[in-house]
Each structure stands twice: as C-alpha cells, then as structure tokens.
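A.B. asks: The residues making up each chain are set out below.
2 protein chains.
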Amino acid sequence: MKFEVTILGSSSATPIFQRNPTAQILNINEKIILIDCGEGTQQQMLRYGIKFNKIDSIFISHLHGDHFFGLVGLLSSMNLNGRVKALNLYCPAALKDILDLQFLYSGSVLRFPLNYFFTQSQQVQKIVDNADYSVETIILNHRIPCTGFLFTTKKKLRKIIKQKVDALSIPKEYIDLIKKGFDFTDSQGNIHSAQALTTDADAPRSYAYCSDTLYSLDYLQSIKNVNTLYHESTFLHDMSQRAKETYHTTALEAGQLAQVANVDNLLIGHFSARYKDVNLLLLEAQSAFKNTYLAVEGKTFTV
Amino acid sequence: MKFEVTILGSSSATPIFQRNPTAQILNINEKIILIDCGEGTQQQMLRYGIKFNKIDSIFISHLHGDHFFGLVGLLSSMNLNGRVKALNLYCPAALKDILDLQFLYSGSVLRFPLNYFFTQSQQVQKIVDNADYSVETIILNHRIPCTGFLFTTKKKLRKIIKQKVDALSIPKEYIDLIKKGFDFTDSQGNIHSAQALTTDADAPRSYAYCSDTLYSLDYLQSIKNVNTLYHESTFLHDMSQRAKETYHTTALEAGQLAQVANVDNLLIGHFSARYKDVNLLLLEAQSAFKNTYLAVEGKTFTV
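Those protein sequences? They're chains R and L, same order as listed. Sequence positions in the first sequence follow the numbering used here and run 1 to 303. Sequence positions in the second sequence follow the numbering used here and run 1 to 303.
Be careful, since some hints might not be right.
For identical chains, the list gives no copy identity; a pair is met inside one copy or between any two copies.
In silico lysine to any residue, SDA-like type, Cα no more than 20 Å apart, as pairs [said to hold, decoys possible]:
| # | residue 1 | residue 2 |
| --- | --- | --- |
| 1 | K31 | K85 |
| 2 | K276 | R47 |
| 3 | K156 | E173 |
| 4 | K172 | H192 |
| 5 | K164 | F182 |
| 6 | K2 | L157 |
| 7 | K96 | G107 |
| 8 | K96 | S108 |
| 9 | K299 | F17 |
| 10 | K276 | Y48 |
| 11 | K224 | T198 |
| 12 | K154 | D264 |
| 13 | K180 | I144 |
| 14 | K224 | Q163 |
Derived by calculation from the structure, the hints in this document are not laboratory data.
The following block holds chain R by itself, in its conformation from the complex (with noise of 0.2 Å):
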C-alpha cells in the first residue's frame, strides 16, 4: 500500500525567497490528505502536479498564521474549480469562524460539503478510522493550542500467492475468502491452508507529524516505534534559550527525540529564516539520530 508524505513548505514563520511555509501532502494508497496549509501552498500544489480535487481530507495543527492562511484561498479555488466532493477539515473550532466570516464579506457559497471535525488540545483524540488509517492526535506545546497527527495504515488482507491459486484453478470467488484466513477444499476433499496459499499482508506503517511544539517527552508515548517522525527544528541548538521562549525544537533535540523514540527516519522542517544553509540543520539533527532528512520543498518521501 502506497504511503509517502511530499514537503510543499519548510518554513517557520518568517518568509523568505523561495522557502514556503508549512504544508505537507499524505498519499496513503491514493487518499490524497493536506496537513497544514500556510500562504502559498495552491502555487506549490500547481508547481509539483497536485490536484486540489483529488484532496480528501486537510488537517490544521494550530492557528497560526504560517500554518493557515493558505486555506481560505485554497478552498476558493477548489469552489471555482467546480468542486461538489465533500471535504474533511480537522482543525481548531476557531478557524470556522475565521473561514465562515470571509466567505460572507466576498458573498461566497461553498457549493461543496465542508465537513468540520474539531480538534480539542488537551487530549489524545482518534479522529480518524477509515478501511485504510486511522489518525489521532498529538498533544503538542506551543504558545496557543496546538495538536499534531499521527497517521497509521490499517493491516489489509493477507496476499494471494498468485502461481499456487492458478495451479489449483481456485474459483475467484473464493479468493476473498482465503486473504481472510479461511482454508480452501478442493473437489477431491483436499484442504489447502488459507497460510499456504497466502504469504503475510504488509504491517501497519506511521507518520507522526509535530509541528510547532517545545522539545519534551510528553508526547513520547505518541510518537514511539513509528515508521517516519516529522518534526519540527526551528533552530540550532546554539539557539536553545530562544527556542523555549518561542515553544520551538532545536535540531539536536529533535534528532534526540527520534532515538528515544525508537522511530525508522526523521524528517526535520519549519525551519528558521535566518538560516540560509539548512544543512546545518540536517548535521547537527543526525548527530544524534542518523536516519535524519531534510523535509524541504518538492521532496517526497515512502514512510
């Protein structure tokens, strides 16, 4: 099952030329999901071939502006393209008042259902639980309300060992059937076990998104043993003290973080604008964490 996450924005709140704040697309088997949406983000959809439609469901962490002020524009964009799918928000109660009350100053109608599902920050919430992930939240700290998202595919049906079904010549219709564990007869009374003609289904995978959060092990529990952890490092460490105060993560804390938690890769992002070189970045994070990446425009990534 087809799982990637693909980086539209890595910077923090400060813009600077050709660094777009946050936004990220989730392609889990074809379910095409936003997670954050600063300005910008409909021109980087447009330049790496994402289509708005296809977008099932967005999910806003918190209420600051680098992490939302593209979604107005682009659900009026997703209106003028003739949109009629519903549209999953999950996002802080907030942001449809913000939303409800521009759509009335422009005199827009959404000719499409927008379904709001609100986020709560004080607890894990499973928002989420579909055929193919669930989601639920992630108790993050930052100056106002904030969650992140921790993505989980479903185990599917054990896979058909196609030679073996073919040389027994297996009705099609008992196909499903063996993928879910039941044993197959054949006409001379032979039982053929559902494990042999079968080989495992693929394990659930993780993305934990965190962004924007102080560095603390309070979300441990959320994020340990997942496939792929995005996390935030808006500064070098040298920069510590400023980071507490602002509710940010150094790199260095961040690529702490991914070994206590036991995770597979890092991803780093939501990065500051005084650093011009994010590579400096990326080598302090994997001083302490190897399999660190840095989450930056254009760049796709299988979970």
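Keeping the supplied structure of chain R fixed, place chain L upon it in accordance with the hints.
C.D. replies: Positioned in the frame of chain R, the structure of chain L alone reads:
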C-alpha cells in the same frame, strides 16, 4: 519625481502556475504603496526585492480573496520583522473584522500602529492628500462593493537652472524662494526674475487603478486624461456575455475605454486562468488602443 508601478500579480481568481493574484507596488517619490494583496504577495515582494517595511500605505479595492488573502500574512511578517512605523490601510470596513479575528485567535498583537481608513463604494472620496500626491476613489461596478484608486502627483516647485544660479553666486538660502517664484536682486541692485532662473516644474502625473469591474462609462470622469490607466481585462471579447455575468471587462472593452478616456497608456491584467497565452488579450486591446501593455509579474512601468 519618480512615479513607477511594478506588477506583482496578473491572474484573476482561479490560480494558475507562475501567475499570481493581484498586487501592485507604486513608487511615488520613494513613497512605497501597495495596491491589493492577493495570496503570495509576500513571496512576490521577496522575489523582486521589495522590502516589506518600506511600505507606507496599502489600498485594498474589495474583499474578493484574490485581492486580499495575502494581507494578513504580510502584516504578520511586518510584525515579526520588528516593524514599529505606522501603516495606513485604505479598505472596506469589513476587512478590519477579518484581520482582528485572525490576530485574536493566533495570539498576535501588532507592535506597529495600523491606521484604518474605510472606503465606501457609493461616491468618490478623496482619501489621501499629502505633499507628494493625492488619492481619490473610483466607483466601480462589481459583484460586491469595489473601489478603484486614482493617484495624482502634486505639482512641485520650479526647477533651478544651476548654471545661472552659480554664475550669479546666489547664496543657497535664496534657492527655495526662487523656486517658489520670488525674483532675486543682486548686490548691484539688478533684478533677476525667478522665471529666468528656473524651468517649469514637472506637470502632475496620474495613475488610475480599475480592478474589478463591469465595463461602463460611469467612471469615465475619474480616469479621463490620466497618464496611465490600469484596467482589468479578464476575458477576450468572445466571452463578453460571461464578462457581464461576472461583472468583469473584456480586453476589447478595456482598449475602447482607454481610447474614450484619452489616456496616454493602458496596462491590462487580471487575466482568466483559461488564457495560457495572454498575448491574445494584448492584441485584442491594442486593436482599440495602440499604447496597451501587459501588466505581468515583474514588469515596471513609468507612469
């Protein structure tokens, strides 16, 4: 006196790759003015080297998103960049509600004075009158209240002929008086007329900004004889019915209006996303008015 307009965006509401929504920078004698502020205006300013904090005043024509969705982000960035200098914002009153709500929920407090001047869309107002220029609104006809803006520079003092002044060794304390039209009497009692010592001051120059509007002659009086008219040209004339329905203008109509209004130059923009090649719009406008130019991203025109 410098009077230039730089185009930051040429698209209409539906976004298109590498075409940005409306925003223009005026430079009037080094006073920097922003007209409209679509999403991504910040990035366009970074691209073309326009410093956020040099902006003195912002004019917003109306509350369709492609004309103001970039404003809250720009104001936030000015704040993050430490701006303390006051900023004048000329806009429909409802914009204050929209901005206030977003600042409230993001916990942002502007550290610079934001002085609002509310436009009203029913009658021409003089909204600026300073030593360098004045601004009057232009009453446009769009789906929601919408005003254009007419910028007119002031007639300045006459210009000294340096050679003559030097030859007469006129003390520098007299220079301003001579510029103002006072004659100079030398130590022998000879009178040198101000007229003889100076040349005419630059004539006032004018820039009319008209976006978005249904084509009509109702605002002809406001744009008559201006040096440069910017006028929206959303569609080609074969879509004049669609233009009417959406309260927009065709390229041909913009050219005809420029001709009737007897302007020196016409800039056209706000192009529908359907036109990959905007030269078609240029040719159509030029068929009615020869001195027409495309107001596209990065172009600077002397008014």
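A.B. asks: Does each hint hold? Answer for all of them.
C.D. replies: We went through each hint and held it up to the structure:
1. K31 <-> K85: Within one copy only: 14 Å inside a chain, 47 Å across chains, cut-off 20 Å.
2. K276 <-> R47: between (22 Å within a copy, 15 Å between copies)
3. K156 <-> E173: Only inside one copy: K156 and E173 sit 19 Å apart there, 89 Å across copies, limit 20 Å.
4. K172 <-> H192: Intra 15 Å, inter 109 Å, cutoff 20 Å: intra-copy only.
5. K164 <-> F182: So K164 and F182 pass the 20 Å test inside one copy only (15 Å; across, 107 Å).
6. K2 <-> L157: Within one copy, since 15 Å is at most 20 Å while 71 Å is not.
7. K96 <-> G107: Both, since 16 Å and 17 Å are each at most 20 Å.
8. K96 <-> S108: both (14 Å within a copy, 18 Å between copies)
9. K299 <-> F17: Both, since 18 Å and 19 Å are each at most 20 Å.
10. K276 <-> Y48: between (23 Å within a copy, 18 Å between copies)
11. K224 <-> T198: neither (30 Å within a copy, 80 Å between copies)
12. K154 <-> D264: The answer is within: 18 Å in one copy meets 20 Å, while 66 Å across copies does not.
13. K180 <-> I144: For K180 and I144, the Cα distance exceeds 20 Å both inside one copy (46 Å) and across copies (58 Å).
14. K224 <-> Q163: neither (38 Å within a copy, 81 Å between copies)
Hint check: violations occur at hints 11, 13, 14; the rest are consistent with the structure.
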